[in-house]
Structures are given as C-alpha cells and as structure tokens.
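4 protein chains.
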Amino acid sequence: MSSTYGENIKISVFGESHGGGIGVVIDGLPAGETIDFDAVLTQMARRAPGRDKTATPRRESDLPQVLSGLLGNTLTGAPLCAVIQNTNTRSGDYGNLLDCPRPAHSDYTAYIKYKGANDIRGGGHFSGRLTAPLVFAGAVCRQLLNKRGVRIAAHIASIGAARDSRFCPTAIDADLMDRLSRSSFALIDETAEEAIRAEVERARLDGDSVGGTVECAVTGLPAGIGEPMFDGAEGAIAKIIFGIPAVKGLEFGAGFDLAAMRGSEANDAFRYADGRVVTETNHCGGILGGITDGMPLIFRAAFKPTPSIAQEQRTVNLQTGANTTLTVKGRHDPCIVPRAVPVVEAAAAVALADLMKGSGI
Amino acid sequence: MSSTYGENIKISVFGESHGGGIGVVIDGLPAGETIDFDAVLTQMARRAPGRDKTATPRRESDLPQVLSGLLGNTLTGAPLCAVIQNTNTRSGDYGNLLDCPRPAHSDYTAYIKYKGANDIRGGGHFSGRLTAPLVFAGAVCRQLLNKRGVRIAAHIASIGAARDSRFCPTAIDADLMDRLSRSSFALIDETAEEAIRAEVERARLDGDSVGGTVECAVTGLPAGIGEPMFDGAEGAIAKIIFGIPAVKGLEFGAGFDLAAMRGSEANDAFRYADGRVVTETNHCGGILGGITDGMPLIFRAAFKPTPSIAQEQRTVNLQTGANTTLTVKGRHDPCIVPRAVPVVEAAAAVALADLMKGSGI
Amino acid sequence: MSSTYGENIKISVFGESHGGGIGVVIDGLPAGETIDFDAVLTQMARRAPGRDKTATPRRESDLPQVLSGLLGNTLTGAPLCAVIQNTNTRSGDYGNLLDCPRPAHSDYTAYIKYKGANDIRGGGHFSGRLTAPLVFAGAVCRQLLNKRGVRIAAHIASIGAARDSRFCPTAIDADLMDRLSRSSFALIDETAEEAIRAEVERARLDGDSVGGTVECAVTGLPAGIGEPMFDGAEGAIAKIIFGIPAVKGLEFGAGFDLAAMRGSEANDAFRYADGRVVTETNHCGGILGGITDGMPLIFRAAFKPTPSIAQEQRTVNLQTGANTTLTVKGRHDPCIVPRAVPVVEAAAAVALADLMKGSGI
Amino acid sequence: MSSTYGENIKISVFGESHGGGIGVVIDGLPAGETIDFDAVLTQMARRAPGRDKTATPRRESDLPQVLSGLLGNTLTGAPLCAVIQNTNTRSGDYGNLLDCPRPAHSDYTAYIKYKGANDIRGGGHFSGRLTAPLVFAGAVCRQLLNKRGVRIAAHIASIGAARDSRFCPTAIDADLMDRLSRSSFALIDETAEEAIRAEVERARLDGDSVGGTVECAVTGLPAGIGEPMFDGAEGAIAKIIFGIPAVKGLEFGAGFDLAAMRGSEANDAFRYADGRVVTETNHCGGILGGITDGMPLIFRAAFKPTPSIAQEQRTVNLQTGANTTLTVKGRHDPCIVPRAVPVVEAAAAVALADLMKGSGI
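Protein chains in written order, with the numbering used here: chain A, 1 to 361; chain B, 1 to 361; chain C, 1 to 361; chain D, 1 to 361.
Calculated from the structure, these hints are not laboratory results. Do not rely on the hints blindly, as some may be mistaken.
To be verified - Derived lysine-lysine pairs resembling PhoX-like cross-links, with alpha carbons at most 25 Å apart:
{"id": "1", "chain 1": "C", "residue 1": "K115", "chain 2": "B", "residue 2": "K147"}
{"id": "2", "chain 1": "D", "residue 1": "K147", "chain 2": "A", "residue 2": "K115"}
{"id": "3", "chain 1": "C", "residue 1": "K147", "chain 2": "B", "residue 2": "K115"}
{"id": "4", "chain 1": "A", "residue 1": "K147", "chain 2": "D", "residue 2": "K115"}
Using the sequences provided together with the hints, build the complete structure.
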C-alpha cells in the first residue's frame, strides 16, 4: 500500500528524484539512546554517487537535515525525521510527458498505475536516490544493534562473471565485519578488486551495464529473533530487500544450492561449543523456522544490471501508439552493486531492529 | 509479530500439529461472490499427504469445516473461518519435553523463543501441516482472481539434479496453466517425471531426503498491481512465500541469472502487439518497480531437503548439556516439493488477491 | 478493514449468529504463562444470556473449545484459537431475504455494504453474540495483566434514569475491584439494584428497551503505557470499545464535564505520597498525553437501548420500495447493559495487554 | 506504537515544538487528482494562533513546504510530505531539564515513558502545534472527499457554560456547512458569539482557562462506509479524534443522551424520501453497526481546559523529590476550542478518506 515498513520501528520514506527533497520518518526508536551522527554520515557517504569510476559522476550533497527526534545526539522518542534537499538536478535531461518508457525501468508500470500523473523526472519516487533515506534509517538502526552486540556487513559477492570470496558461514571475523561496513568498494578478498572493476569498466566502455550480487552477514544476533510463518526473519528481510530497486533474487544460507542437496548434507548438526549451542555448518543461514538460531545470519541479493544504458533500445511511444527506439540520456552508473552494499546493510539493520524490538530484545 | 498476512485481505493462521485443530480466518473477502467448494477441496487434496510414494503414508482427512463467512456457496462478507480437526496424530512418536532438537527443524529456535513452552509434538505451530489452512485460503482467493481473468499455476522445477522445463516467460498456454493447477505431481514436461521420481526414490531408499525448486506463473494480471518500495509485488509475494516452511530462496524472472547479465541483454524491450504493450522478453518476471507490467509474473522458490531423515544425526541434549546423536522417528516425506506446488500457488493467490484489492482492481 | 484489533497482541474475531460457530484467534500471547481456564469460563458466564430477568431467556452453551495455543494450561506461544459452536438457534424467527430492516440495527447498512449477501439471521456478524469471543480474549488478557498487578472492573453506572455510585477516581479498593469483576449485575452501591432493575422491568413490561452507561476502572497500571497521538491509551481503548455493538459515547476521567470546567479546577495537581508521584484529583482519568500516569484509568461508555423492541415500528420494504411497519419477533434483552459490563472489561483488557506489550512492560 | 494513522491512506506525523520543524507524510493518495493549495492554506490559517483574543499572541508562519507528492497542483501518487519549519520559538521560557511537571500536561508521563530524554521545550512532540500537520493532511483529504460530494464542517458547540445551537441531525444546509468550514470562530447561531467570547475573556482575565465541546457533521457520505466491529466508523474516528491533545470525550448522534432513552424513542425509523432510504430521526449519528447509513454523520468531542494557566499550581520537583508549586510562564490560549474546530474537521477528513478508500468508494 505504501513506502512504509515495520511493525515496531516503522519507517516511512518520501520524496521524488527531482522534487523538493527526499527523506524518512522513523517511528518507534528508543528514547535516551545516543546516536553518533558522524557514523551516520559515513554510511550516507558510502552510498553517495561520484566516489569512483563505477558510479555516476553526479554530485549530490546528500546531507541529511534532522527535523525532529534528536536533541543534541540523543533520541527523544519522538518520530525521527531526516530530510535531504534535492539540489543538483538537471531536469532537462528528461522530458516531462512520458512518451517512451525506458526498458527495465518503472516508467511504464508507474505510468499505468498513477494514470500518467507520477513525476517521471529521474524516475520520481522510484529513483535509486530514494535509497539514501533508507541508508539514513539503517545507519540509525545499526547503531542500536551495535550496542546490543550485533554487527552487519555486506560485500560485493559478484559483478558479472567476477566473484569475491564468500563469508565463512560459521565464523566471521569481527575485524572483517568492521572493515567491510566502512568500505566504499567492499570485498572480502581484496585481490578480487581488479577483476571486478574490470567487469564494470568493460560494461562502461561498451555503453552497457552489468549486474551482480551482494552478500550480507549479521553476527552477534541472539537466538530467538523472528516470528513464525509470515513474520519470520526471512520474510521480514525479504520485504525490505525487495524494496531496493533492481533486486530480483534473494537467498538465505546455502539458498538455491539447498534445492540440489540431500538432507544428510544440508542439515546443520548441533554441537556445544564453549557451553553455547552452535551448528557445525550453517546451510540454513542462521534461521530455522523463521527464527534466528544464534549463528551468523547470511543472505545474498541479486541485482539486475542498471537499466539505463547508452545503447539504443526498442520501446513504444505511448502517445503515438507506435513502436520506436530510445537512447537514454543522462548520467548513470554502469553498475550499482558497489553502492548497493551499504543499502543492503541498511535494509538489514532496519528489518532486524524492528524484529528485535518485536521480540522484546 | 505473528501468523497473519495481508493488508486488504487478511489471513490469520492458527493451530498446532497435534492440538485440537488447525485453520484460518480470512478477513476482507468481497460479499456476494460465490465459491465452488469442490474446487477448494481439490486444492486441499493436492497438498494432502499419502497420495503417492513421494509423500508420507500418513492419512489426514484435512476436511475443512467452515464456521462462518459462507452462506450456501456465497461469501457473506463476514470473516471466513475454516477449521480442520486434527484426528490422525500419533503423539507417541514424539517426546513431550525437548531433549534433543532435530537438526534443520525449528525445534531449537522455538524452544529458545518460547522458553520451552511450545508444543513440540509434530513441530507444533511450525509443522508443514499448517500449510493446509494456507492452501484453503489460497483456494478461495484463487477463485476471486480467476473471475478477474487471473490464472495461477506452479510446477516442480527441479528435485535434486533432475529438472523440468521452465515456463516460457512471454507466453504461457491457458491449457497448461489449467492442467498444472489441478495436478498432484505438476510438471510442464511430463517426460521428466521418471527422472524426478527417481531422485526422490533414491533419497528414500537411502533413508535420506532431497530438496528442489518450484516455479510459479501468474497470467492475466493487469499492469499496475503493487506499490512502490516495500509493498511492491516482489516483497508482498516474498513475505508469504518465505512463510512456507523450508523455503530458503526466491527469485523473480531471470532472478539470480540477471546478476551475470549485461543491461543490453537483461532489459526487456517494449513492443505493441495487438494494440497492447508487451515486452519482447520477460527477464523481469512481469514486475518493474514493484508493479506488474501485464506480462506473466514468474518466480521460483528453493526448498531445502526435508529435515527429518532416517539416518542418525549429531545434535545436543538440552537437558544434560551434552553432545549426542539422534535418529528421527515418525513418518516423513523424502521430498516435500511435489506437495509444496499447491502451497506455493496458494500463497501467490493470497498475496495477489490482497494486492489487487489494495490497487482497487 | 476488518474484525481484527491490536498491534502486539492481535485478535481476529469470526462468526455469525446463526452460522456454524463463532470464535477468536489471539496472536502474540507470551509463551509459558499459565491460564486459569475456570476463570475464563467465569467471565464467559457473566456475559451469557439467561441468567436473570434483565436478559433474554435464550440459552447458549457458549462453551469455548480451544483448538490451539494452549497445552494443558500453558500458553504455547502459537496463536490461541477458541471456537464456540452455535447450537441453540431458531432461524425460523428470521426471514432469509431482507425485506424490512429493523430500525437501529445494522440490517440496512450491512445490506448496502454487503450487497445483500450478508447473513441476516440474528444479525449475522453484527450480532451481540460476537461479544462472546471478545470476552474470551479479554479473559485471557486479563490474567496476563493480573500477574503484573493490573486489575480491571466495571459496573452498571446507569440504566435509564437510575444510577449507581461512581468509582472514587483517586483510590479504588482492591476488594471492590474483585467483587465487581466477578459479578453478573455489577454495582458499586448495591442498594441501587432495586431502582435499576425496576427501570429494566418497566421497559420490559412496556415491550420496550432502555439504554445505560458502564463505568470501567483499571488499577495498578504503571505510568508510561500508551503512545503519543493516534496510539494513545484513549484512542486504543476507544477503537475497541466502539467495536462493542450499541456503544455511542465514550469519556475518560471527568470526560464531558471537563468541557464546562476551568483549568484551575480541572488540572490534577501532582503530589508525592509514600515516595510515589500521584495526583490529588483524577479528572484526566489516569491518562495524560495519551500515556498512563499511574493513577486509576477510568472511562465510561454509553449504550443505546436494545434496538429490538416488541412494539410496532416504522420501516421500509427494500423489495417493494414502500414504507411499512414491522414488529420484531424473537427473544431479546430489554437492556443489554448488565451483560455489557464484562464485555467492556474484556475490551479494556485486550487494549491494555496490547499497549503494555507494545510499551515493553 | 506511534504517531501514525490509517490503513489505506496513512499519515505519519513528526516534529517537536521547538525542534527544526514539524510535518507529515501522507501515503496512499490517489495520483492525478488536483489539490487547491490556497484552500489548504486557508485551513492552516484557521488553526494558526494569533488571530483573535481567544488565542495565544504567538505568531507562527505555519507555511507548509511540500517536499514530494505534488507536481504543480497534481498529486503524483508518491508519498506527500509537507514540512513546516519552526521559527518563532522562545526556548528560554522553558527549562531544559524537567524539574516540575506542569499539571494536566504530558510532561510527567512523557518523562517517565521516555526516561527523561524527550524534548520538553513547548511540550515537544506532545505540543498542540503538532495539530498543524494534521490540519494539512485533513485539508488534502477534505478536497478528495469534496469531489465525491462529501462535506465536513464543525463548530464551537460550547465553551464553559455558553452554548451554540446544535446541527439539525436530519438535514444540514450546504451553505451552513460551507460557512462553518471557512470560519475562524465557527458558530451555527452567530448570536451566541458574544456569550461564548465572554466565557473565554472571563477565564483569561482570571489567569485561568476554560474547556468546551466541538460538534462536527459530515454530509453526503454514501451508505456503506466502515467495517464491522473494531474498524467501524465510530472506532476509526475515535482513534484519530482522541489523538488531538485535550480531547477527553466523544459521542456520536445522541451519544450519552441515548443511555437515558427508551428504544421506542431512540430507534430511528426508516422511510423512503424521494426514492432514497432515510431515517426520520438521527439519534445514531448516521452510523449503524459501524457502517454509515447515508444520513449526516454527527459527533461531538469534549476538550478539557488548556492546562497552562497563569495561576500558581501544586506540583512536585522530580529532581529533589519534594512537593512544590509552579507558575507556568509563556503565552497560552485561555481556550483552545475555537482553534480546535478545524483540527476536528481535519481529523474527520483523514479518517473518512481512509475508510472510503478501504470501502472501495
């Protein structure tokens, strides 16, 4: 029904790419906890464009103005509202009337749903720019989780055919988590960077784009988070991750590989280690029956290639009713996966802060 | 927070495997529409166990008793409640105190979350048996959708290494949809049946189990269904699909394959065909920006192998605090994928009926 | 959208007066707490008809069957579902097609809303009988509250022109609370009983009915329950109290009398008493800014007279389009206020259990 | 859980009296409808302080800046966000640490709930100033309703002992509705103005404040709006009306007077008039069974006196634990009822726009 998420900590995201501003209201945050605002800005900067060649050369200040909910650096308990003004917009790159929907964008479906009234400039409310308020919300929620011993980090698992290593599912180093969660080109195996950047650069030189996957890990979660059936941890995370533009797949633990396994291989045996119950393997990704089991929660999201490419594409002219072609103008990322890493982390942080509050933890 | 789903058509699923009964309340159904109850029972029968060798030999009558919301065969507008009594339960197969959690089951996480008070017999509220009320709800919603020209069908896309054909993403035959949506071992390519059954049989003979994937298609959806961001069609479907026990992955359209594609390949070009806007390919699975585009909506869900296997497994004894082993008794499906097909269809039906009502269609 | 209530503890009420059964699903109850089922039945009996001359002579067994969520007397954490079978129904008292809507009943509005498909027998889903599942839910929630030191009791504040005493707003005796919460004709001043019964009897002898008010007090609530603005304690209670058929007014503390007061009179001064902050008066009814202040929470609900009276009334014939008259047959309470007392208590219990869980208390 | 309201049209109100700004996000508005922004500002001006002697002499610009959801004067379908900057704040009037809670304010309860972290300046999130965004949201929703033939107007029904006439419940003149809905001191009987203003002036001269009631009518509603039980029209309106600071009572139709009536008097007889079903009287306030019956929907809300008065009051010092006295400084309305009139209308507009969308109308 809406751009809202959450039961216990609720976020409501607003804004359009070329309107007055974008932002988020976060309702249900715990009064009295302090927020490190510099750490919030660090997360915003990871998502912001223009940091390297894989990203669009646009410059957005993306500086959030907090209107309410924070007094000094302390949460007041009132809804936290942050606004990011839209400043660097070049609307001339876009027409105002939708003639030709860009393939793989929301242009056509939004045109139908909103009867042609939606703001098409820059994708309007469907712009990837709307992930900035999500990163803001996630940066706040992440700090709440950190204080409870929970760490969240993601990395570029693959771009095109180039791959990073995967998280070790049963033991993830705290230093690795910290390094990734501050990186702007997050990789577990930093020797993979050259091959991955090469995939993006080849796409860029071809006037094309390329997709990829992001893998995210959450460590330090207690067992017992999540609800049965439709509010299980997988479903709660899925609802917000699929809210990130371009995500078309999501898997937990061994995910799709489990479909080809035998139970004797897939089942994670329980063991005591240092008096705690752990599992020897972690094919389930830290979630059993929708509820966390205390092992690292691990998932991977698949991103389709950026729809905007420099090549001519076939489309229709909705005003004339004729088939035609289109060349998308404007400045676009050849690959959004590096910038999607902090967005995935943020979405996970919002989902888990909501679930943990719901579980009374 | 709960075993509830939906904004406009809401379902609340209740029951435990070995309690008095299980069922569902469906709130928000349109008064005055007629329901073909035999067609509902047909769907229930597709999910029921004991129909062939891939399933457990248990017999559950699974006959739903409607307590309210239906007068004759007409929806009254009041909440529709259906109850299925639990009759054929052999509690002796299970202990009453949780000593040793079964690997890959919810035993351990439910024990932690519910402080040992949950009913562990048969998995309690986490039992796959709780998908019976979901199939009931889906069978009702499916009929509402059918009257609006929407068809839903799924098939066994793979079990272990054996595969069925995939749906043609741009044109799915109505007869195929009808055939699949009534089948109890649903395959597009019926010549694949022997290989697929052989995978299951091999697992069964090994005292093991095997996973698989289910592919689901929805045809006849108008463009414009779904909301931006977190209530997009992908997120809405994901929330309910991940509510099905054993699902660990979900992808729409080309899904994870998109992560390796270039935009020039992945983007679905728009064309006019018979005066309608269509796409030449359907890598996006019929959803752009969270909103349906009028093409078939296609997704695949990955199911892990049935956790209950006859082989000895390593686990812990929560009462003694020692590592131990466990051999799961009771009767279990070596593969739940064939029976999961109608469950996936039902979940899709509930999600889409809810979204369509929300979209005012 | 529905017959559901609650954010943290959710109830979904189903059933129709003359259908198969009625009941409730309660989602979000805390696992491991014990329920005294006899105490639940005591509450159900207080609402049941046929206990004295103020009530209809119908006999309903109203015996709830628990289908899930309770193992022995312990909550399992799964949704708690209770069903009450409909047995003693005399449908012949009612036609099946709505010709002439009964004045002040939901007949006409339900006919319009549900396009004539609603079950009109006995009022269908709008029957006062649907308060039985609400009393069940309230009886469970009340026990959770009791364990946290919270007590709920209501009484017949007035019927027609006859009045009971009001609660002392600043100090309510625990024995009085206990006595009222078990009474089937609950009065603070038992000497008022004769006058109040006389009002009902006069209405009955006249083939008429009479309205009244119920006053409810909640003691032992900690300060800090409730949320700002739309989820304040008043709003949360109002939403469920107005869900009780026949309620047309609700006031907290001094309520409508506050409208004629000066601030210097209305403001409740703070004082320390035994180291606790209290107020000298309690015109605000224990709620400031939507949040409890630790004083007794007090509200009054106004009930209109039972719409069904033996006298001839003017109405329309919806089938012929003509004005006509109607004499309502069947057995009806001349005054539902005595039986509404446990319903009001139950509604308050559900609302406060939900709010307390949301406040993490 | 929060400062949010609505199922189909959702509002999320944010801000604190002396923070950066206040505002609202409205989600679910219909794309393509035009908004008369001047008419929105007219409603905002009715609520703004400083217009006459009954109000505080503070000047707030209260000019809303729309950040998203509106392109030109057309709704885009994206969440509509409006922000009002806080400019004219004199924080020196208030201390920063809560020593002595003001009687009848939320100071004490917010202090407990938010552990002393809430922004107490001007009441923070509990300030009456937060009704400005609600008026904004209502002004937008009102226009949607107007286009569907629905009109909303309220008036000062009483202040202290002085009273205006009441709405004729069965026939309300359209010109009266229009006049009231633009008035800044709304009265049906304008000859009552002198007596009503005199009540306020007497309170002001006494350094005191006075309460009152607001009566609201909604005309042109079709029959069939509202849901059974907890989402009935009364409950939906109650939840938002009790979200307005200082409201302590609410009644529909004859309200509390119904409690003293006989059924033969209270029941509204149905009649055909010009081929439409109407009722001869309207004691039910246009709502039967929670569903509108097509007659005017009428309710009255009771407002307590403004808590801030110039007289010395008894309170406690939370830092020293001693009883003490307090004289509230700052500028305050001796009566907020005149300014509450547009707030009540706005709340009704939001509730009914939400209900109508939910009813598919």
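Cross-check of the supplied hints:
Taking the CA atoms of K115 (chain C) and K147 (chain B), the gap is about 18 Å. The hint holds against a cut of 25 Å. At most 25 Å may separate the alpha-carbon atoms for a hinted pair to count; K147 (chain D) and K115 (chain A) meet this at roughly 18 Å. Under the criterion of a C-alpha separation no larger than 25 Å, the hint pairing K147 (chain C) with K115 (chain B) is consistent with the structure, at around 18 Å. Using a Cα cut-off of 25 Å, the hinted pair K147 (chain A) and K115 (chain D) holds, with the two alpha carbons roughly 18 Å apart.
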